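Asker: Listed below, chain by chain, are the residues.
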Amino acid sequence: KNEVEQSPQNLTAQEGEFITINCSYSVGISALHWLQQHPGGGIVSLFMLSSGKKKHGRLIATINIQEKHSSLHITASHPRDSAVYICAVSRDQFYFGTGTSLTVIP
Amino acid sequence: ETGVTQSPTHLIKTRGQQVTLRCSSQSGHNTVSWYQQALGQGPQFIFQYYREEENGRGNFPPRFSGLQFPNYSSELNVNALELDDSALYLCASSRGTAYNSPLHFGNGTRLTVT
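If you read the protein sequences in the order shown, they are chains A and B. With the working numbering applied, the first sequence has no gaps in its numbers, which climb one by one up to 140 at the end. With the working numbering applied, the second sequence has no gaps in its numbers, which climb one by one up to 1373 at the end.
Calculated from the structure, these hints are not laboratory results. Computed from a predicted model, the values in this text were never measured in an experiment. Ideal Cβ positions, reconstructed from N, Cα and C, are used throughout, including at glycine. Be aware that a few hints might be false.
What the hints assert, rightly or not - On the chain A side, residues computed to face chain B include the following (Cβ under 8 Å):
hint: 1; residue: A65
hint: 2; residue: G75
hint: 3; residue: G133
As the list claims (entries may be wrong) - Simulated restraints, written as ranges between beta carbons of each label pair:
hint: 4; chain 1: B; residue 1: L1270; chain 2: A; residue 2: P113; range: 31 to 37 Å
hint: 5; chain 1: B; residue 1: T1273; chain 2: A; residue 2: N44; range: 34 to 40 Å
hint: 6; chain 1: B; residue 1: N1330; chain 2: A; residue 2: N44; range: 39 to 45 Å
hint: 7; chain 1: A; residue 1: Q43; chain 2: B; residue 2: P1320; range: 26 to 32 Å
hint: 8; chain 1: A; residue 1: G86; chain 2: B; residue 2: L1326; range: 36 to 42 Å
hint: 9; chain 1: B; residue 1: T1373; chain 2: A; residue 2: N98; range: 42 to 48 Å
hint: 10; chain 1: A; residue 1: G74; chain 2: B; residue 2: P1321; range: 30 to 36 Å
hint: 11; chain 1: A; residue 1: P113; chain 2: B; residue 2: N1336; range: 37 to 43 Å
With the hints as constraints, model all of the structure from the sequences given.
Answerer: Below, the structure is given as structure tokens:
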């Protein structure tokens, strides 16, 4: 059983669409991280949050601690958003989801 | 501000050999954490070093070991390499324990074990 589940696994969107990626977890956490990984492997940390909502540009991340659920939203999606998005939770170690592969078509 | 750098970028080793991977943390960061990512999978947490001490470990055997130096750079050592050790190895640095601090990742070392 995975401690972190993401959905969907794969997502294709038209440029300009609003995108939502979901993450559910089963353990108590110190924080939840949303990461972006481009082909070639480099990972960029998008958000770290333990409550509420954070926004950075076109990206919004929310977390509901009681429901053990987080969402990553991308508004006005663009082809450069194409990447794998990974949810991870941390407590006394890290647990990672398997990622959501997003392709945004022009 | 210097980012996180890892070396080497690629490495090929033979089963049974030993390997050392290196990570230089971002300036001002005192924590380094290491991750293994098999092809097509999400990363898996190996361990974290905070102020030169191991501070948390994932489900990896003792043949995976590490060091953190006074300048907060770090090494990951893997003994008795197995074919399944073939993966991308990522390190991340953070200011304070990685469990509740933003992570800054290096570009990884791709290890192939034949």
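Asker: For every hint, state whether the structure bears it out.
Answerer: Checked hints:
The restraint placing A:A65 at the interface with chain B holds, with a minimum CB-CB distance near 5 Å, inside the 8 Å limit. The beta carbon of A:G75 comes within 5 Å of a beta carbon in chain B, closer than 8 Å, and the hint placing it at the interface holds. Against a cut-off of 8 Å between C-beta atoms, the interface hint on A:G133 holds, since the closest Cβ of chain B lies about 5 Å away. At roughly 33 Å, the beta carbons of B:L1270 and A:P113 sit within the given window of 31 to 37 Å.
Between B:T1273 and A:N44 the C-beta distance comes to about 36 Å, which sits within the given range of 34 to 40 Å. Between B:N1330 and A:N44 the beta carbon distance is about 42 Å. The supplied range of 39 to 45 Å therefore holds. Distance hint check for A:Q43 and B:P1320: the Cβ-Cβ separation is about 29 Å, which falls inside the suggested range of 26 to 32 Å. At about 38 Å, the CB distance of A:G86 to B:L1326 agrees with the hint of 36 to 42 Å.
A hinted range of 42 to 48 Å for the beta carbons of B:T1373 and A:N98 is consistent with their spacing of about 46 Å. Between A:G74 and B:P1321, the C-beta spacing of about 31 Å keeps the proposed range 30 to 36 Å intact. For A:P113 and B:N1336, the Cβ-Cβ distance of about 40 Å falls inside the hinted range of 37 to 43 Å, so the restraint holds.
Violated hints for the displayed structure: none, as all numbered hints are satisfied.
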